[in-house]
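Each chain, written out:
Number of protein chains: 6
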Amino acid sequence: MYEPLDAALVPRFAGVPSFFRLPFLNDPTLVDVALVGVPFDGGTTNRAGTRHGPREIRNQSSLMRRINANGVSPYDSLRVADLGDAPINPINLLDALAKIEAFFKPIAAAGAVPITAGGDHLITLPILRGIASHPVGLIHFDAHSDTNDKYFGDNPYTHGSPFRRAVEENLLDPKRAVQIGIRGSYYHESDLDFARATGFRIITMEEFCTRSPADVISEVREIIGTHPTYISFDIDSLDPSIAVGTGTPEIGGFTAREAQTMVRKLRGLNIIGADVVEVSPPFDPSGLTALAGATMMFELLCTITAKAK
Amino acid sequence: MYEPLDAALVPRFAGVPSFFRLPFLNDPTLVDVALVGVPFDGGTTNRAGTRHGPREIRNQSSLMRRINANGVSPYDSLRVADLGDAPINPINLLDALAKIEAFFKPIAAAGAVPITAGGDHLITLPILRGIASHPVGLIHFDAHSDTNDKYFGDNPYTHGSPFRRAVEENLLDPKRAVQIGIRGSYYHESDLDFARATGFRIITMEEFCTRSPADVISEVREIIGTHPTYISFDIDSLDPSIAVGTGTPEIGGFTAREAQTMVRKLRGLNIIGADVVEVSPPFDPSGLTALAGATMMFELLCTITAKAK
Amino acid sequence: MYEPLDAALVPRFAGVPSFFRLPFLNDPTLVDVALVGVPFDGGTTNRAGTRHGPREIRNQSSLMRRINANGVSPYDSLRVADLGDAPINPINLLDALAKIEAFFKPIAAAGAVPITAGGDHLITLPILRGIASHPVGLIHFDAHSDTNDKYFGDNPYTHGSPFRRAVEENLLDPKRAVQIGIRGSYYHESDLDFARATGFRIITMEEFCTRSPADVISEVREIIGTHPTYISFDIDSLDPSIAVGTGTPEIGGFTAREAQTMVRKLRGLNIIGADVVEVSPPFDPSGLTALAGATMMFELLCTITAKAK
Amino acid sequence: MYEPLDAALVPRFAGVPSFFRLPFLNDPTLVDVALVGVPFDGGTTNRAGTRHGPREIRNQSSLMRRINANGVSPYDSLRVADLGDAPINPINLLDALAKIEAFFKPIAAAGAVPITAGGDHLITLPILRGIASHPVGLIHFDAHSDTNDKYFGDNPYTHGSPFRRAVEENLLDPKRAVQIGIRGSYYHESDLDFARATGFRIITMEEFCTRSPADVISEVREIIGTHPTYISFDIDSLDPSIAVGTGTPEIGGFTAREAQTMVRKLRGLNIIGADVVEVSPPFDPSGLTALAGATMMFELLCTITAKAK
Amino acid sequence: MYEPLDAALVPRFAGVPSFFRLPFLNDPTLVDVALVGVPFDGGTTNRAGTRHGPREIRNQSSLMRRINANGVSPYDSLRVADLGDAPINPINLLDALAKIEAFFKPIAAAGAVPITAGGDHLITLPILRGIASHPVGLIHFDAHSDTNDKYFGDNPYTHGSPFRRAVEENLLDPKRAVQIGIRGSYYHESDLDFARATGFRIITMEEFCTRSPADVISEVREIIGTHPTYISFDIDSLDPSIAVGTGTPEIGGFTAREAQTMVRKLRGLNIIGADVVEVSPPFDPSGLTALAGATMMFELLCTITAKAK
Amino acid sequence: MYEPLDAALVPRFAGVPSFFRLPFLNDPTLVDVALVGVPFDGGTTNRAGTRHGPREIRNQSSLMRRINANGVSPYDSLRVADLGDAPINPINLLDALAKIEAFFKPIAAAGAVPITAGGDHLITLPILRGIASHPVGLIHFDAHSDTNDKYFGDNPYTHGSPFRRAVEENLLDPKRAVQIGIRGSYYHESDLDFARATGFRIITMEEFCTRSPADVISEVREIIGTHPTYISFDIDSLDPSIAVGTGTPEIGGFTAREAQTMVRKLRGLNIIGADVVEVSPPFDPSGLTALAGATMMFELLCTITAKAK
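Line by line, the protein sequences are chains A, B, C, D, E and F. Counting from 13, one number per residue, gives the positions in the first sequence under our numbering. Counting from 13, one number per residue, gives the positions in the second sequence under our numbering. Counting from 13, one number per residue, gives the positions in the third sequence under our numbering. Counting from 13, one number per residue, gives the positions in the fourth sequence under our numbering. Counting from 13, one number per residue, gives the positions in the fifth sequence under our numbering. Counting from 13, one number per residue, gives the positions in the sixth sequence under our numbering.
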């Protein structure tokens with residue numbers, strides 16, 4: 013088992029800012045959970061900057077301790093380490109997608125569960141290409157469905173389209189896909205047609221407001237069942253009061269308490285990977301968005317702990 | 013019908029930042045809804061800066077798309093455009109009030125509904141002078157009642173007094189006036205006496221916390237009825253976690269979700285104009301307040317759409 | 013009775029920024045409530061900066077008026093003034109603790125109730141040494157229990173340990189101590205053992221989320237009873253969306269409305285002192301954390317008013 | 013003699029932020045030099061915010077010590093204190109001008125030399141009305157001549173016109189007026205005609221770049237002679253790299269070293285007052301502009317010390 | 013002739029933020045000088061964000077007046093207008109290059125001189141493709157030579173390589189190319205080999221420090237002669253004290269005064285176009301970099317005025 | 013030889029932010045130059061925050077390349093690596109001093125030259141205790157002499173006193189000590205007495221302004237000679253326009269070009285260690301101060317390269 017640096021010996025502002033102050037390792041066979049950065053924002057259609065996300069999330073993750081507020085203690089039962097950043101290419105989108113996919117393949121092959129800090133939402137596509145041998149389920153927290161088709165002419169790969177591509181590539185099983193918190197304004201009335209037609213369950217923010225987090229997650233668990241499932245947490249699912257540092261903020265999002273409650277209630281599912289994406293440090297003057305991202309990564313780790321024990 | 017620039021062709025960081033990326037027009041007879049900026053903060057008693065509000069709200073309004081999360085699509089049924097900024101005078105308050113009034117008169121004469129980005133709250137007074145031929149109803153979201161009398165000696169015109177002046181000038185019907193979210197501390201126990209004596213319904217934040225947004229708006233609709241009504245949305249009605257960039261922030265305000273819910277439930281009323289005021293960019297390092305302002309303007313537009321169709 | 017500067021005569025950006033624009037006094041026998049700054053952060057284990065807290069809280073307290081939104085008007089019945097900053101020593105922790113204690117002793121001797129702006133949470137220890145002649149009750153809003161033992165070897169005095177020391181020194185009666193909002197992650201499963209073993213009632217954020225503020229405070233009042241009690245309000249009990257400028261932010265905290273509601277419901281208790289700690293201006297680019305701190309100080313003053321009349 | 017708080021006893025972040033940590037006094041007869049704030053920005057034609065200047069300059073002035081780098085020690089020979097803020101009126105320009113003038117009259121009557129922190133540049137006009145019984149000389153550091161005539165129609169009083177008004181009102185002797193550092197772009201070719209026609213010596217930045225500070229000041233001293241003279245230091249005379257927090261920044265200004273050198277070389281002149289204006293804290297995220305303003309005020313005090321001894 | 017909005021009638025914070033407050037036009041045949049934005053940062057190898065450059069440069073250009081400090085008055089003799097943003101594609105580099113080139117071709121065909129606000133430095137390549145019918149001279153202010161070859165494998169198009177590509181494509185005549193201010197650290201000793209071998213004259217910052225701006229420009233004019241020449245001004249040629257908001261800041265750059273002096277001394281040359289690139293607003297908390305960019309664009313316009321009259 | 017990550021393969025925003033992207037090593041015997049962080053600010057008398065310096069300097073050091081602008085290429089001849097942070101104790105000053113000294117002893121014993129990122133200036137004392145077996149020379153760039161005696165009573169160890177202690181402890185030879193750039197205001201006329209009496213050569217900023225950097229360094233080299241010498245670079249020696257993020261900024265400092273020139277001219281001396289101290293990230297909203305710190309560390313490394321080859 014790997015342990016974070018002890019903050020009562022080495023203060024949290026000291027030392028190398030790895031994820032949760034865990035060791036850096038190169039070999040995925042040595043871990044149960046691989047913490048990874050993917051500093052890529054080449055799929056961003058508006059405000060860039062998520063390429064700086066992994067570094068600042070690591071920085072802020074110094075504030076995390078060993079055990080979450082629910083008493084889950086991941087490092088007691090799991091080997092968790094920082095596997096560094098996936099190689100990317102900031103000026104060549106297709107090369108970047110290939111490099112990311114290639115980085116995740118050996119992680120999956122080693123049986124490790126990756127928890128990734130993005131990067132923009134397009135990175136979920138090559139991650140799924142790398143780890144999803146069969147169509148997997150999806151639990152997706154987001155202000156946007158990200159199932160658009162093409163942008164700026166005929167370009168299929170952007171942070172607005174990863175889940176459409178993933179369905180088309182048979183990486184996702186849309187019948188086991190749930191999107192929670194959708195609330196952004198739309199370009200066209202048909203924006204959600206693809207998702208709905210293929211079977212995604214979309215729980216808009218308006219619906220969420222009429223239910224409790226517990227109730228919503230109870231439905232999610234029923235849809236997801238026991239098959240392999242991926243969790244994608246777009247930081248813009250949170251309200252911008254807590255997460256302004258993102259490319260496409262939409263007011264009216266989840267409070268941190270709602271998000272923490274929902275993620276904690278996902279314990280016991282068959283999670284093969286997770287990510288926290290769209291943290292954009294240049295738009296985050298207080299660092300709070302990166303802190304929220306780091307905290308949600310830690311909560312995801314705790315949620316996965318249940319399964320892995 | 014005018015259309016926003018298509019963000020899948022022209023990215024949202026490109027092009028002229030008009031309101032919602034709509035065309036700039038000069039002629040109010042060409043529109044059903046006139047989007048206007050009033051960059052005036054000469055009535056501000058403490059922290060100035062709302063003179064920069066219209067420009068930054070326009071900037072952030074690039075993030076809005078065509079249809080709100082409730083499926084309301086204003087540009088399908090309404091001619092909406094940016095009519096630019098009202099002329100003002102930053103060093104001569106009375107001249108500014110006259111100029112603003114003169115700008116709004118032809119808008120009202122053309123039958124267009126103005127949605128205005130301030131500026132401080134004093135601008136509501138000359139807007140009402142310009143568009144209210146008879147006493148109108150008022151739906152007023154704010155942390156403060158803004159019905160004070162005089163400041164700094166004998167000065168009647170400040171952003172703390174517009175609604176008192178509007179009642180005195182017979183522009184507002186106080187029996188059809190509702191103020192929601194009042195929560196600032198008071199100078200004197202009598203601070204709300206004028207409003208209460210003349211018939212305003214004041215729903216304090218404390219009362220709001222014991223009721224649901226739906227319940228509150230249901231009462232509002234009953235008070236307002238079907239007569240012409242103006243909506244004034246002071247950004248400081250929102251909690252400063254989402255709107256710190258304002259002159260007189262008061263903690264404990266509306267969440268964005270509460271505000272969005274309330275504004276959406278006002279559809280179908282007889283709205284003759286609306287404003288979003290008190291966004292002060294120099295106090296808004298993250299730009300979030302201007303984004304909240306732009307979003308509330310868009311929600312107001314969607315609310316008005318119902319009536320105008 | 014002392015009165016704040018009248019904001020309708022002297023604008024709030026003008027004049028000396030004392031707490032709530034009240035007079036500066038040196039003699040505690042002239043006041044019923046003593047507003048004090050303790051600009052000390054020598055007990056901070058991670059991000060320093062709360063030494064700048066008193067100055068910025070005073071700055072933002074210019075925004076407070078005379079009467080809170082509940083109609084409580086402290087200056088009608090209480091003599092309240094700014095007694096300046098306690099002397100401290102930024103490079104010698106033990107000397108600082110002695111100086112702070114010595115400053116508070118005459119305040120207590122004069123029968124005045126101190127409301128203090130920190131500084132880090134360690135300052136509560138010397139304040140209690142100065143004012144608690146017998147073990148007192150504690151109402152403690154915080155993300156962390158602050159009952160740890162030693163840091164960085166054998167160092168007993170940090171902002172993570174004041175309440176453990178206070179119990180050991182017989183300043184606090186742990187059977188009459190309540191901690192509300194605890195939610196930070198833990199170093200060890202035993203982190204709360206001392207508090208629980210000695211009798212603290214810990215209401216975690218998770219428990220809080222299942223109850224109403226009114227319900228929680230009702231239990232608190234029962235535990236506290238009528239004996240002398242101290243209130244300590246760590247600004248990190250608030251969600252970082254409203255209070256990012258603090259040394260150890262934890263997402264998922266109280267909304268301002270929840271905090272205001274709870275503090276207001278404490279009226280009538282036998283309060284011998286209160287503090288607002290951990291406001292760290294260097295991490296607060298918008299000034300909102302200091303505003304929240306100033307507002308909570310004003311609410312504490314209003315709560316104490318009830319008793320003192 | 014009054015002394016600043018000793019920073020080796022009371023750290024500079026503690027205590028009331030008066031100018032240079034000197035006492036607050038009300039009676040101008042007790043001082044040789046009166047430090048005054050004029051928090052007024054009602055004459056500002058573009059970006060407001062200098063109303064917050066005095067408070068932030070006081071804050072940053074905590075960093076000043078007793079003796080400047082040249083060894084001038086003002087508090088050994090002069091009684092210097094903070095006389096607080098002049099009363100102003102943020103929404104009534106003419107009332108503000110009258111109030112400011114009335115505040116400075118007794119200072120001049122007492123024979124004290126005022127050093128003022130603005131506020132926008134219009135405040136120099138009422139200061140001169142208050143203290144200049146005969147036309148005085150002027151040493152004016154600025155990016156702009158501020159001798160324009162009318163703005164926004166027929167408005168004579170703005171921060172672009174104080175020196176034209178002062179000449180017209182016989183407060184300034186234009187034959188003994190020097191403007192140094194003028195470099196802003198112009199509206200019209202005639203922008204400097206009034207100044208030049210009446211006799212101002214204008215040393216543009218372009219000319220300055222070809223000479224040394226010593227050479228320039230030598231000419232200034234010759235023009236000014238031994239008669240009473242006022243020094244007005246607009247913070248925008250400095251390069252915005254050191255003073256971005258101002259309403260009308262112009263790149264290409266003085267370095268701090270050049271400005272310090274010039275002000276230091278003015279010692280021995282017959283200075284009846286001085287000001288540092290146009291520090292606008294809302295546009296100063298790092299606080300550096302206020303620090304530059306505080307430092308220049310201290311240098312002006314040291315320059316005046318020579319005469320007063 | 014087109015004129016900026018008159019700031020004495022319409023304050024500079026009001027109205028549409030076009031370049032220098034000039035009209036927006038679509039037709040290049042109507043202008044002598046075309047002001048253009050190219051919001052593209054797809055060639056950026058490290059910190060992105062220059063896609064937001066044109067909008068913020070336009071914003072800050074509101075501070076420019078009609079005539080520069082040297083008395084050059086461009087709008088008296090030239091038709092100058094804002095031609096909007098070139099179309100780009102944020103996720104497809106080659107498509108973006110084609111679109112930019114296509115936008116500039118008709119500008120050149122109309123005989124108008126484009127002055128462009130970037131965008132990253134790669135945009136100079138498609139601009140030259142659009143306007144350079146024969147190899148042109150180059151006056152290039154920069155911290156970096158930008159004549160590298162490939163990045164991230166075999167990618168030829170980045171903001172580190174435009175001038176190498178331009179030479180290879182016969183757009184630039186390296187014998188008439190001067191680079192001034194080069195000072196960044198190097199990857200390899202051979203980093204400048206291509207430039208030197210092909211004939212560029214490189215005036216490093218170290219050399220610059222030993223000469224005067226006038227002396228340097230005198231050499232530049234000799235090299236450039238009377239043939240068509242392009243000026244490219246990378247904002248990182250300025251010291252980051254005045255231009256921190258850029259992707260690759262290097263301390264030790266030009267002061268604003270040095271840069272203004274050099275650009276002003278280029279008058280009379282045969283300039284076919286110019287650009288100001290690498291302004292990155294997300295890294296520019298004070299807005300000063302965009303102000304410097306806007307000012308340098310205005311100085312370039314004044315420099316070009318000489319030729320065009 | 014160790015090499016930085018290649019930025020043309022791994023972009024500079026990716027990967028672990030070690031100093032200059034070099035490997036992390038634990039064993040000082042493997043290096044010629046040891047890059048070290050000392051995240052300690054317990055000696056700070058005013059604004060803290062330099063505990064965060066090493067992390068942000070590492071972050072910004074990603075912008076450095078392999079070879080400085082003068083062509084010095086340290087990694088060709090020297091083994092350079094990041095040895096991590098010295099252990100410190102944020103709440104116990106004496107323990108911190110002991111820990112820092114203990115960390116540096118084996119570095120000196122291994123014959124490696126440490127280049128350290130602070131931390132406040134007090135850290136130079138334990139570094140010298142660790143590495144100076146005989147009294148060494150000192151080249152000290154600073155706005156302040158840092159040879160004060162006691163603070164806050166009888167406390168000898170602060171960031172204002174390290175060089176006095178070092179002389180007293182026989183770590184420094186004051187006859188071979190030069191301080192350059194001293195310009196802060198003084199508490200007492202005697203502030204420099206100790207330094208001058210013991211033999212320090214103090215070159216104030218005022219003197220510096222009358223000489224060239226080359227001239228100054230020529231004198232320095234004569235004083236220092238060929239004996240072992242330490243270089244201490246306080247970031248506040250730079251003008252705050254380039255280095256506002258520091259505890260005690262003083263306007264009127266070195267430009268970056270002056271500082272780079274001076275450090276470069278120190279090549280060939282017998283340097284046994286160097287530091288860059290007083291970078292305080294919480295006061296550095298743009299990150300520029302940390303970039304300046306990283307660049308000066310790189311220049312120091314290049315300067316040392318000459319000797320070590």
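Check before you lean on any hint, since a few could be wrong.
[Stated by the list, open to error] Simulated restraints on C-beta separations:
(1) E/T41 <-> D/C221: 36 to 42 angstroms
(2) A/C221 <-> B/H146: 46 to 52 angstroms
(3) D/T216 <-> B/G165: 16 to 22 angstroms
(4) C/F36 <-> F/H200: 25 to 31 angstroms
(5) E/G211 <-> D/T216: 47 to 53 angstroms
(6) D/A122 <-> B/A209: 22 to 28 angstroms
(7) B/H146 <-> C/R223: 48 to 54 angstroms
(8) A/H200 <-> E/N282: 47 to 53 angstroms
(9) C/R208 <-> A/T41: 39 to 45 angstroms
(10) D/T216 <-> F/D161: 45 to 51 angstroms
[Said to hold, decoys possible] Taking lysine-lysine pairs in the BS3-like style, the calculated list, with each CA pair at most 27 angstroms apart, reads:
(11) E/K162 <-> A/K111
(12) F/K277 <-> F/K187
(13) C/K162 <-> F/K111
(14) D/K117 <-> D/K187
(15) B/K162 <-> D/K187
(16) A/K277 <-> A/K162
(17) C/K187 <-> C/K117
(18) C/K277 <-> C/K162
(19) B/K277 <-> B/K187
(20) A/K162 <-> E/K111
(21) D/K162 <-> B/K111
(22) C/K111 <-> F/K162
No lab work stands behind these hints, which were simulated from the structure alone. On a predicted model such as this, the values are computed, not experimentally measured, just so you know. All C-beta atoms in this analysis are idealised placements derived from N, C-alpha and C, irrespective of residue type, glycine included.
For each hint, the structure was consulted:
1. E/T41 <-> D/C221: 36 to 42 angstroms: Cβ of E/T41 to Cβ of D/C221: about 40 angstroms, so the range 36 to 42 angstroms holds.
2. A/C221 <-> B/H146: 46 to 52 angstroms: violated, 37 angstroms
3. D/T216 <-> B/G165: 16 to 22 angstroms: violated, 42 angstroms
4. C/F36 <-> F/H200: 25 to 31 angstroms: holds, 28 angstroms
5. E/G211 <-> D/T216: 47 to 53 angstroms: Cβ of E/G211 to Cβ of D/T216: about 39 angstroms, so the range 47 to 53 angstroms is violated.
6. D/A122 <-> B/A209: 22 to 28 angstroms: The hint (22 to 28 angstroms, Cβ to Cβ) is violated, given that D/A122 and B/A209 are roughly 49 angstroms apart.
7. B/H146 <-> C/R223: 48 to 54 angstroms: Once the Cβ atoms are compared, 50 angstroms apart, the range 48 to 54 angstroms for C/R223 and B/H146 holds.
8. A/H200 <-> E/N282: 47 to 53 angstroms: holds, 50 angstroms
9. C/R208 <-> A/T41: 39 to 45 angstroms: holds, 41 angstroms
10. D/T216 <-> F/D161: 45 to 51 angstroms: holds, 48 angstroms
11. E/K162 <-> A/K111: OK: E/K162 and A/K111 at ~18 angstroms, within 27 angstroms.
12. F/K277 <-> F/K187: Distance ~21 angstroms between F/K277 and F/K187 Cα, so the pair holds.
13. C/K162 <-> F/K111: With a Cα-Cα distance of about 18 angstroms, the restraint between C/K162 and F/K111 holds, given a limit of 27 angstroms.
14. D/K117 <-> D/K187: Distance of about 25 angstroms is within 27 angstroms: holds.
15. B/K162 <-> D/K187: violated, 45 angstroms
16. A/K277 <-> A/K162: violated, 35 angstroms
17. C/K187 <-> C/K117: holds, 25 angstroms
18. C/K277 <-> C/K162: violated, 35 angstroms
19. B/K277 <-> B/K187: Given that 27 angstroms is the threshold and the Cα spacing comes to 21 angstroms, the pair holds.
20. A/K162 <-> E/K111: holds, 18 angstroms
21. D/K162 <-> B/K111: holds, 18 angstroms
22. C/K111 <-> F/K162: Holds, because 18 angstroms separates the two Cα atoms, which is no more than 27 angstroms.
This entry does not satisfy hints 2, 3, 5, 6, 15, 16, 18, going by the numbered hints stated previously.
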